[in-house]
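Undergrad: Chain by chain, the residues run as shown.
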Amino acid sequence: AQSVTQLGSHLSVSEGALVLLRCNYSSSVPPYLFWYVQYPNQGLQLLLKYTTGATLVKGINGFEAEFKKSETSFHLTKPSAHMSDAAEYFCAVSEGSSGDKLTFGTGTRLAVRP
Amino acid sequence: NAGVTQTPKFRVLKTGQSMTLLCAQDMNHEYMYWYRQDPGMGLRLIHYSVGEGTTAKGEVPDGYNVSRLKKQNFLLGLESAAPSQTSVYFCASSTRGENSPLHFGNGTRLTVT
Chain A
11 AQSVTQLGSH LSVSEGALVL LRCNYSSSVP PYLFWYVQYP NQGLQLLLKY
61 TTGATLVKGI NGFEAEFKKS ETSFHLTKPS AHMSDAAEYF CAVSEGSSGD
111 KLTFGTGTRL AVRP
Chain B
813 NAGVTQTPKF RVLKTGQSMT LLCAQDMNHE YMYWYRQDPG MGLRLIHYSV
863 GEGTTAKGEV PDGYNVSRLK KQNFLLGLES AAPSQTSVYF CASSTRGENS
913 PLHFGNGTRL TVT
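Note that the protein sequences, when read in sequence, are chains A and B.
Count along the first sequence from 1, add 10, and you get the number used in this note's numbering.
Count along the second sequence from 1, add 812, and you get the number used in this note's numbering.
Nothing false has been slipped in among the hints.
Taking lysine to any residue pairs in the SDA-like style, the calculated list, with each CA pair at most 25 angstroms apart, reads: (1) A:111 with B:890; (2) A:111 with B:871; (3) B:869 with B:819.
Over the 10 angstroms line for every Cβ pair with chain B, so calculated as not near, a few chain A residues: (4) 26; (5) 73; (6) 96.
Treat the hints as calculated values from the structure; they're not laboratory data.
Nothing here was measured: the structure is a model prediction, and the numbers come from that model.
Ideal Cβ positions, reconstructed from N, Cα and C, are used throughout, including at glycine.
Just chain A, same shape as in the assembly:
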């Protein structure tokens, strides 16, 4: 069975600082990996996804994530935080081709200090 672990339910960074959100997964087959972002009072939006090929994936709003099979990780980074990045971030893993096989992590809420 697949699972996702997000270390830290809350993260606070200063504006301009590096953002690092951690995600580790377990999967019995090569996984498909996703990061979603949720702004207050909204649904989730796709930030980026990894399927096959290049292990460094670039997403919207300057975020990127690197798939490391040996570490079973898919950490999300952004070099310089902006106030507008304050949101909750969810990592998700899928072993199948459709959303019914998607498993979400518990989320990390990012706060950005001025």
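Starting from the structure of chain A, add chain B where the hints point.
TA: Frame of chain A; chain B shown alone:
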């Protein structure tokens, strides 16, 4: 460009009451999903549908029923609400096809007293 629309946005029920949450999408997506979001638990799949007239159980289906009579609509029903069903409910849709991203509605906040 509505995307996925959920109604209502908020609802308060008493224990034992029933209600239906409506999800509508205008993207001609085949797949639709209902999730619930609870603090510290992420999103959990309640029911989903891979096409008009078909539904299937997800991770936490007990106490809920669904119907997909039209491709664009996916209804979630609570026949006898319980306080444990207090949650934020999200509908999502996606195309058929490998790794198609989910498109989410803005959620329905349900409180059962």
